[in-house]
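Asks: Protein sequence lines correspond, in order, to chains S and V. Take the first sequence: its letter number 288 is residue 288 in my numbering, and every next letter is one higher. Take the second sequence: its letter number 162 is residue 162 in my numbering, and every next letter is one higher.
Derived by calculation from the structure, the hints in this document are not laboratory data. Quick caveat, the model's predicted, so the values are computed rather than measured. There may be inaccurate statements among the hints.
[As the list claims (entries may be wrong)] 20 Å max Cα-Cα, derived PhoX-like pairs, lysine-lysine:
1. V:Lys164 - V:Lys123
2. V:Lys32 - V:Lys164
3. S:Lys59 - V:Lys8
4. S:Lys16 - S:Lys49
5. V:Lys51 - S:Lys49
6. V:Lys51 - V:Lys8
7. S:Lys56 - V:Lys38
8. V:Lys38 - S:Lys60
9. V:Lys38 - S:Lys59
10. V:Lys111 - S:Lys60
11. S:Lys56 - S:Lys72
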Amino acid sequence: MKLENRISDYLRKNRKGKAANRLERDALADPFLYESLEGFTDIPGDHVKAIEDLSKRLKKRTESRMSLTLGKWAVAASLLIAVVVSLWLIKYAYRYETMRLAVMEEGISASEITIMSVDTVLLMAKQEVPVSRGRMQNAMPLMSPRVAAVELMDVARTKAGVVEEVDVNRRLVTDTTKPFVLSTMAMRQTAPGEDIENPEVQMDQIAEDVAVPVDGVESFERYIRRSLVYPPDARKNKEQGDVVLTFQINGEGRPYQIRAISGFSRSCNREAIRLLAEGPAWTYTGRVRQASVTIQFRLR
Amino acid sequence: MRYRTTAKPADLALLYQRYMPMVYGVALKYLKDSDDAKDVVMQIFEELLDKVLKHEIQVFRPWLYTCVRNYCLMEIRKNSRNLSVNPDDNFMEFCDDFNLDHIREQENTEKILMKCMEALPEKQRISVRRFFMEERSYREIEEATGFSLKMIKSFIQNGKRNLKLCLEKKGIR
Numbered sequence: 001m002k003l004e005n006r007i008s009d010y011l012r013k014n015r016k017g018k019a020a021n022r023l024e025r026d027a028l029a030d031p032f033l034y035e036s037l038e039g040f041t042d043i044p045g046d047h048v049k050a051i052e053d054l055s056k057r058l059k060k061r062t063e064s065r066m067s068l069t070l071g072k073w074a075v076a077a078s079l080l081i082a083v084v085v086s087l088w089l090i091k092y093a094y095r096y097e098t099m100r101l102a103v104m105e106e107g108i109s110a111s112e113i114t115i116m117s118v119d120t121v122l123l124m125a126k127q128e129v130p131v132s133r134g135r136m137q138n139a140m141p142l143m144s145p146r147v148a149a150v151e152l153m154d155v156a157r158t159k160a161g162v163v164e165e166v167d168v169n170r171r172l173v174t175d176t177t178k179p180f181v182l183s184t185m186a187m188r189q190t191a192p193g194e195d196i197e198n199p200e201v202q203m204d205q206i207a208e209d210v211a212v213p214v215d216g217v218e219s220f221e222r223y224i225r226r227s228l229v230y231p232p233d234a235r236k237n238k239e240q241g242d243v244v245l246t247f248q249i250n251g252e253g254r255p256y257q258i259r260a261i262s263g264f265s266r267s268c269n270r271e272a273i274r275l276l277a278e279g280p281a282w283t284y285t286g287r288v289r290q291a292s293v294t295i296q297f298r299l300r
Numbered sequence: 001m002r003y004r005t006t007a008k009p010a011d012l013a014l015l016y017q018r019y020m021p022m023v024y025g026v027a028l029k030y031l032k033d034s035d036d037a038k039d040v041v042m043q044i045f046e047e048l049l050d051k052v053l054k055h056e057i058q059v060f061r062p063w064l065y066t067c068v069r070n071y072c073l074m075e076i077r078k079n080s081r082n083l084s085v086n087p088d089d090n091f092m093e094f095c096d097d098f099n100l101d102h103i104r105e106q107e108n109t110e111k112i113l114m115k116c117m118e119a120l121p122e123k124q125r126i127s128v129r130r131f132f133m134e135e136r137s138y139r140e141i142e143e144a145t146g147f148s149l150k151m152i153k154s155f156i157q158n159g160k161r162n163l164k165l166c167l168e169k170k171g172i173r
């Protein structure tokens, strides 16, 4: 008899009889079974009915899943349309020109890894941008007062203007008068020898809903540097570039639903996903929010 | 596992269905509430849909057990922040099937067994005899002796251990 039937039988017959004894004896060698029997005996209730209920719920769940995925496709399709339309707007409507802002520190070599924070922030940039506004607060502590040069980049990642300094008051001074989207903020490691505040201290100030590696960005970068295995085919073809991953973080701090949203080679995407999946834990951000990280592949 | 190739929830549900009584029992043990436990059983299924595709799983059963336990402990911690839960507070040793039958089959070893049984404290002796020799369930022993279920379990645990030690001393097994 199958174990699940034996359990139901056990419960139905009031936990009596030789079959009950046999199940209980089996449980002595089987912690899973043992603990579940403990649950059934310690907590009163109609367990047989509860299990039947659950079977029904499970069935319902898998049936409704089908329509749910259909719904998801619909959402995805409409999102895609929205994206296409907005891209068109960006291209043709001058006012909506978007730019990408990357913050970097001086004296870095290109082989180093860029960590990006999560948020997309719309800033109406005039002469000064008070960066304490909106969601940017979250990302802000990543930019230390010593960030020396800030580059404005457009969507294609070409340099589109220079933003001078982020001053001590955490204002971002730019020379652009157009609205731009601060979609990703990259923070690079400083060159060795330069004195820098402990980045982990800065991380502490970040509001809880931004995903960061639990042990800090530096340690995460170190992990990536050490563990990255450059895919042989990419090396052979001299492919290099960035892989942008989005993911969610479960209660244990493990990234899941990792997707490569942009990349340049299939094997590098896979390697980036592997690195993230096997890498250090992240702060839990709740189920809904998505985190993202960029992993660079550079040939030396 | 079929689900790994098809990624259809229905396929995983088929498998999960088999373990559901056990998952529910464990959830019940930790959460102590039928409705909470039911919700957790469903939530674990949701989590599995994702996890199963990502993790290398050698044997599903022990893996699932670990998942379930972790999930329940996490759930408890979420609900009562200051209350620390020690998962090992009711730690017991699980070992291979303890079987007295083959010892009882031979006359000379049975004698030794009886001697060892007599050496056990009374309550342990009663419990062990009923459970391992008369094949009574916990519930039946409970009704016959008036010991509480917890006590019976610990009598059986300890009695079993003492008996084993005694038998080993006498060169059996």
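Asks: If you test the structure against every hint from before, which numbers come out violated?
Replies: 2, 5, 10, 11
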